[in-house]
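A.B. asks: Next come the chains, spelled out residue by residue.
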Amino acid sequence: MAAEIKNPFQGTGGRRIVERGIERSLLISGTVAVIVVFFIILYLFRDAYPAFRNIGLGKILTGMKWNPAGEPPSYGAYPLIVGTVLVTLGAMAFSIPLGIGSAIFISEISPSRLKTGFKFLTELLSGIPSVVYGFFGLVIMTNWLRIAFDQPTGESWLAGSILLGIMALPTIISVSEDAISSVPTDYKEASLAVGATRWQTIRRVVVPSALSGITAAIILGMGRAIGETMAVMMVTGNAAILPEPIMNVFSPIRTITGTLGIEMGEVAAGSSHYHALFALAVILFIIVLLVNSSALFILMKLSERFRPSGKKSLFQIPKIVAPLLKKVLWGAVALLVVYYAYVRGGTRGGLEAVVLLAFSLALLTFLARKSSPRQGQKIVFSAISGSMAVVMVLLGVILYYIVVKGIPAISWDFLTQPPRDLGRAGGIFPAIMGTLYLIGGAMLIAIPPGVGAGIYLSEYAREGKITRLIRAGIDNLNGTPSIVFGLFGFAFLVLYLDLGISLLAGMITLGFMVLPTIVRTTEEAVKSVPQSMREASLAVGATKWQTIRRVVVPPAAPGVITGVILSVGRAAGETAPIIFTAVVFSQRFLPHSPMEPVMALPYHLFVLTTSVPDSLHNAYGTALVLLIVVLMIYAAATVIRLRYRRTVRR
Amino acid sequence: MNKDITRDGKANGSSQSVITTQDVNLWYGATHALLDITMEIKTNNVTALIGPSGCGKSTLIRVFDRMNDIIDGCRIEGKVYFRGKNIYDPDVDVIEIRKRIGMIFQKPNPFPMSVYDNVAYGPKVHGITARSHLDEIVEKSLRLAALWNEVEDRLDQSAIGLSGGQQQRLCIARALAVEPEVILMDEPTSALDPIATAKIEDLITDLRKQYTVVIVTHNMQQAARISDFTGFMYLGKLIEFGRTVQIFERPGQELTENYITGRFG
Ligand SMILES: Nc1ncnc2c1ncn2[C@@H]1O[C@H](COP(=O)(O)OP(=O)(O)OP(=O)(O)O)[C@@H](O)[C@H]1O
Ligand SMILES: [Mg+2]
Numbered sequence: 001m002a003a004e005i006k007n008p009f010q011g012t013g014g015r016r017i018v019e020r021g022i023e024r025s026l027l028i029s030g031t032v033a034v035i036v037v038f039f040i041i042l043y044l045f046r047d048a049y050p051a052f053r054n055i056g057l058g059k060i061l062t063g064m065k066w067n068p069a070g071e072p073p074s075y076g077a078y079p080l081i082v083g084t085v086l087v088t089l090g091a092m093a094f095s096i097p098l099g100i101g102s103a104i105f106i107s108e109i110s111p112s113r114l115k116t117g118f119k120f121l122t123e124l125l126s127g128i129p130s131v132v133y134g135f136f137g138l139v140i141m142t143n144w145l146r147i148a149f150d151q152p153t154g155e156s157w158l159a160g161s162i163l164l165g166i167m168a169l170p171t172i173i174s175v176s177e178d179a180i181s182s183v184p185t186d187y188k189e190a191s192l193a194v195g196a197t198r199w200q201t202i203r204r205v206v207v208p209s210a211l212s213g214i215t216a217a218i219i220l221g222m223g224r225a226i227g228e229t230m231a232v233m234m235v236t237g238n239a240a241i242l243p244e245p246i247m248n249v250f251s252p253i254r255t256i257t258g259t260l261g262i263e264m265g266e267v268a269a270g271s272s273h274y275h276a277l278f279a280l281a282v283i284l285f286i287i288v289l290l291v292n293s294s295a296l297f298i299l300m301k302l303s304e305r306f307r308p309s310g311k312k313s314l315f316q317i318p319k320i321v322a323p324l325l326k327k328v329l330w331g332a333v334a335l336l337v338v339y340y341a342y343v344r345g346g347t348r349g350g351l352e353a354v355v356l357l358a359f360s361l362a363l364l365t366f367l368a369r370k371s372s373p374r375q376g377q378k379i380v381f382s383a384i385s386g387s388m389a390v391v392m393v394l395l396g397v398i399l400y401y402i403v404v405k406g407i408p409a410i411s412w413d414f415l416t417q418p419p420r421d422l423g424r425a426g427g428i429f430p431a432i433m434g435t436l437y438l439i440g441g442a443m444l445i446a447i448p449p450g451v452g453a454g455i456y457l458s459e460y461a462r463e464g465k466i467t468r469l470i471r472a473g474i475d476n477l478n479g480t481p482s483i484v485f486g487l488f489g490f491a492f493l494v495l496y497l498d499l500g501i502s503l504l505a506g507m508i509t510l511g512f513m514v515l516p517t518i519v520r521t522t523e524e525a526v527k528s529v530p531q532s533m534r535e536a537s538l539a540v541g542a543t544k545w546q547t548i549r550r551v552v553v554p555p556a557a558p559g560v561i562t563g564v565i566l567s568v569g570r571a572a573g574e575t576a577p578i579i580f581t582a583v584v585f586s587q588r589f590l591p592h593s594p595m596e597p598v599m600a601l602p603y604h605l606f607v608l609t610t611s612v613p614d615s616l617h618n619a620y621g622t623a624l625v626l627l628i629v630v631l632m633i634y635a636a637a638t639v640i641r642l643r644y645r646r647t648v649r650r
Numbered sequence: 001m002n003k004d005i006t007r008d009g010k011a012n013g014s015s016q017s018v019i020t021t022q023d024v025n026l027w028y029g030a031t032h033a034l035l036d037i038t039m040e041i042k043t044n045n046v047t048a049l050i051g052p053s054g055c056g057k058s059t060l061i062r063v064f065d066r067m068n069d070i071i072d073g074c075r076i077e078g079k080v081y082f083r084g085k086n087i088y089d090p091d092v093d094v095i096e097i098r099k100r101i102g103m104i105f106q107k108p109n110p111f112p113m114s115v116y117d118n119v120a121y122g123p124k125v126h127g128i129t130a131r132s133h134l135d136e137i138v139e140k141s142l143r144l145a146a147l148w149n150e151v152e153d154r155l156d157q158s159a160i161g162l163s164g165g166q167q168q169r170l171c172i173a174r175a176l177a178v179e180p181e182v183i184l185m186d187e188p189t190s191a192l193d194p195i196a197t198a199k200i201e202d203l204i205t206d207l208r209k210q211y212t213v214v215i216v217t218h219n220m221q222q223a224a225r226i227s228d229f230t231g232f233m234y235l236g237k238l239i240e241f242g243r244t245v246q247i248f249e250r251p252g253q254e255l256t257e258n259y260i261t262g263r264f265g
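Chains F and A, in that order, are what the protein sequence lines are. Each residue of the first sequence is one higher than the last, beginning at 1 in the working numbering. Each residue of the second sequence is one higher than the last, beginning at 1 in the working numbering.
Worth flagging that the hints you see were computed from the coordinates, not collected in a lab. Glycine residues also receive a C-beta, built at the ideal position from the N, C-alpha and C atoms. Misleading hints may appear alongside valid ones.
Unchecked claim - Here are the simulated lysine-lysine pairs, DSS-like style, with alpha carbons at most 30 Å apart:
| # | chain 1 | residue 1 | chain 2 | residue 2 |
| --- | --- | --- | --- | --- |
| 1 | F | Lys327 | A | Lys107 |
| 2 | F | Lys115 | A | Lys107 |
| 3 | F | Lys378 | A | Lys124 |
| 4 | A | Lys107 | F | Lys188 |
| 5 | A | Lys107 | F | Lys544 |
As the list claims (entries may be wrong) - From chain F, some residues computed to sit far from chain A (all C-beta separations above 12 Å):
| # | residue |
| --- | --- |
| 6 | Leu335 |
| 7 | Ser372 |
| 8 | Val551 |
To be verified - Covered by chain F, per the in silico footprint, the following chain A stretches (three or more residues, Cβ under 8 Å):
| # | stretch |
| --- | --- |
| 9 | 129-141 |
| 10 | 169-182 |
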């Protein structure tokens with residue numbers, strides 16, 4: 001009888017088991033993701049170690065000559081490191097202002113019914129594969145630069161920077177736009193309510209509140225620029241020299257990634273050259289690590305300020321940094337002007353461009369300073385709208401050339417036949433199918449552990465040293481250049497596991513490449529669901545998993561899907577990770593098993609452009625098809641996302 | 001400007017009116033949220049707006065400082081005179097209006113900045129840069145908002161760390177710092193506990209000496225306690241408007257009486 005008395009608050013055993021099971025499986029997927037991350041890092045170091053031991057880190061870093069074919073070979077990476085830094089700085093110099101301007105335009109100025117349009121066009125820009133950028137750069141842009149600046153060749157630092165800047169733009173725009181749009185309306189209303197203008201509100205409340213997001217956007221854009229291989233390799237001329245003088249933007253230049261892309265394919269496994277290339281990859285990895293970590297550090301400091309107990313107010317850092325930055329910027333502009341006026345007085349084009357830029361900037365600042373808040377707002381708003389316009393024009397020009405010149409090449413045969421005469425004739429059917437196989441496989445490999453790990457990190461993992469370490473590892477791999485994944489795939493999958501150059505090796509490499517992105521976007525999306533919603537659900541007696549499944553995941557789903565879309569698009573257009581792991585050029589048939597190599601669209605385009613003379617016609621056709629494949633993926637995913645949003649709203 | 005224009009309102013007050021509305025209609029897309037609102041707000045008085053949820057109180061109070069401007073698809077017809085000038089005229093600068101008509105929101109919304117920067121925000125955007133002048137304004141506003149003693153020694157700490165009631169008074173200080181003539185409050189105490197609420201109510205009573213206050217509230221006792229005039233709204237209409245004593249003791253409409261006595265469907 002006494003046994004009849006039960007604890008009325010005891011849960012059923014079944015529910016507890018389900019909860020436990022789900023937590024376990026999420027933990028496992030998280031573990032898989034983390035192991036992959038750390039394994040890749042370790043493996044890179046393993047293969048680079050012989051080079052550091054035999055040549056010495058100091059000699060590699062400071063050596064002035066990179067000449068692996070010499071007698072004896074020399075492996076001095078200094079010019080390559082400088083090349084990477086210069087190209088990236090050049091790219092950032094114009095993509096940061098353009099990108100942030102456009103982000104502000106989209107979220108704060110553009111009429112709301114055009115917002116989606118602008119966002120879509122920006123996404124389009126990020127959907128253009130890097131090899132297509134490289135193709136455009138090589139066949140169109142370098143010519144323009146050569147003629148405009150009266151240079152012997154357009155393949156230069158400048159060309160690389162312009163291309164990289166354009167490629168970094170969509171990242172900078174969409175991430176900052178997200179950050180700016182998510183600033184609570186409360187803040188804006190409070191600012192407007194005391195009579196601030198829209199611009200004052202943006203400058204003093206919206207942008208500072210979104211600052212951590214904007215910083216992240218810039219870092220992500222920078223990571224993209226540093227790690228980009230194909231586009232850079234195609235337009236920078238690849239001479240392993242320092243520009244002479246150092247600010248000569250018309251000099252050819254060679255980056256670390258370019259070197260890896262060019263040389264990895266023809267190196268004997270296990271040779272000193274092979275290990276030297278891995279050493280380069282490690283150096284590249286560490287540069288990215290440093291950039292990312294400094295960004296993470298800033299982000300951490302900023303988020304501390306948001307915490308209730310924060311001793312300091314939010315805007316302390318910018319207050320100190322902003323004027324300093326301004327000074328540095330103006331100093332740099334002044335230096336450039338002086339430099340052009342004196343040192344390169346001969347090249348008129350460059351001088352004019354820089355002086356004009358500096359002058360208009362100065363005029364703008366001056367006008368905005370001197371005029372009333374309202375006039376200031378008008379001036380600033382037109383500059384901001386201008387930056388959006390520039391971005392749209394860039395997109396328009398690239399699309400115009402690819403579409404107009406690509407259409408004549410496309411026919412039924414082109415889409416359904418294998419290539420003939422080294423791709424000058426025939427079609428690209430095997431390349432289309434190869435690309436679809438590759439991304440399909442990559443997604444199957446990456447999505448389950450990626451999404452699981454993201455949810456685990458956000459909802460289950462206790463904040464602590466280990467979680468932070470995991471997040472740092474994933475973040476760093478997220479910014480890791482795709483060519484590094486290519487190297488890993490080559491060394492571990494192709495050589496060590498003896499998968500050979502094969503579809504499977506390519507799928508795994510691409511899957512690993514997008515894994516960190518999926519983990520982090522999932523985590524961010526899930527985390528952004530307000531705590532009050534979780535509390536409300538838990539308060540009515542829902543279990544943790546019920547809360548996650550019914551309350552947390554639905555509003556987060558569009559964010560997760562966006563992350564996955566971006567990954568798919570990225571995987572479809574990537575060349576660097578598959579170049580040594582999965583593709584061959586002249587394959588005429590489809591693979592019969594995952595162990596055979598495949599053709600892929602980006603690689604086909606790359607080879608046609610750089611190695612097959614007189615194939616321009618079919619190259620344009622290939623570029624257009626690649627573009628359409630990628631855009632179709634985006635479109636499909638966008639539809640899914642929009643539909644999801646609608647059902648969630650109900 | 002013709003400052004001394006006064007119009008006939010429904011209220012039989014003696015003092016001057018600051019804000020007068022005439023046949024104001026407002027739509028959110030196809031939703032007709034305000035119907036023919038005509039009323040006036042008297043200087044140095046507290047005017048309360050009451051009515052069931054969704055009747056348009058927030059919408060109406062936001063009409064007074066054009067905060068609805070930032071809502072997409074919101075359309076307004078009719079006239080709203082502030083000091084004799086229709087604030088919806090094309091030549092009116094909305095910034096100027098918001099400077100002179102402050103607003104406090106339902107949920108305390110301090111910026112994630114320091115206490116000091118929150119209060120100094122308004123003066124700064126209006127061009128005051130001298131630190132000593134700002135210090136003065138910040139102290140004065142915080143004192144007016146009865147918050148000074150509590151935050152005096154933590155001015156440079158994040159405002160997010162304040163309690164809900166302190167945050168709301170900080171928001172009031174932030175509004176006062178630009179020296180508005182009218183202060184609009186949309187359920188300023190609904191997120192607060194009784195003690196914090198009492199403090200804000202005392203504050204409102206004090207503010208009445210220098211400012212004109214319009215307050216939206218769900219709390220009938222609050223309206224009765226602190227307001228001089230009361231407007232009762234229902235389904236987008238201003239059903240009745242008059243002196244608070246009259247509205248609460250001798251309501252002219254049955255709807256009003258039902259609502260006040262709590263007999264409401
Ligand atoms: N941004 C908007 N878009 C569309 N309709 C809106 C919007 N804001 C309010 N409404 C509608 O207008 C009507 C009046 O809303 P309002 O917020 O003014 O009510 P309220 O009296 O303040 O209610 P509460 O007491 O709940 O705050 C409601 O029917 C509401 O659904
Ligand atoms: Mg309301």
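A.B. asks: Each of the hints needs a verdict: does it hold here or not?
C.D. replies: Each hint, compared with the structure:
no.: 1; hint: F/Lys327 to A/Lys107; verdict: 40 Å, violated
no.: 2; hint: F/Lys115 to A/Lys107; verdict: 28 Å, holds
no.: 3; hint: F/Lys378 to A/Lys124; verdict: 19 Å, holds
no.: 4; hint: A/Lys107 to F/Lys188; verdict: 14 Å, holds
no.: 5; hint: A/Lys107 to F/Lys544; verdict: 28 Å, holds
no.: 6; hint: Leu335; verdict: 30 Å, holds
no.: 7; hint: Ser372; verdict: 9 Å, violated
no.: 8; hint: Val551; verdict: 21 Å, holds
no.: 9; hint: 129-141; verdict: violated (count 0)
no.: 10; hint: 169-182; verdict: holds (count 5)
Checked against the numbered hints given earlier, this structure breaks hints 1, 7, 9; the rest are met.
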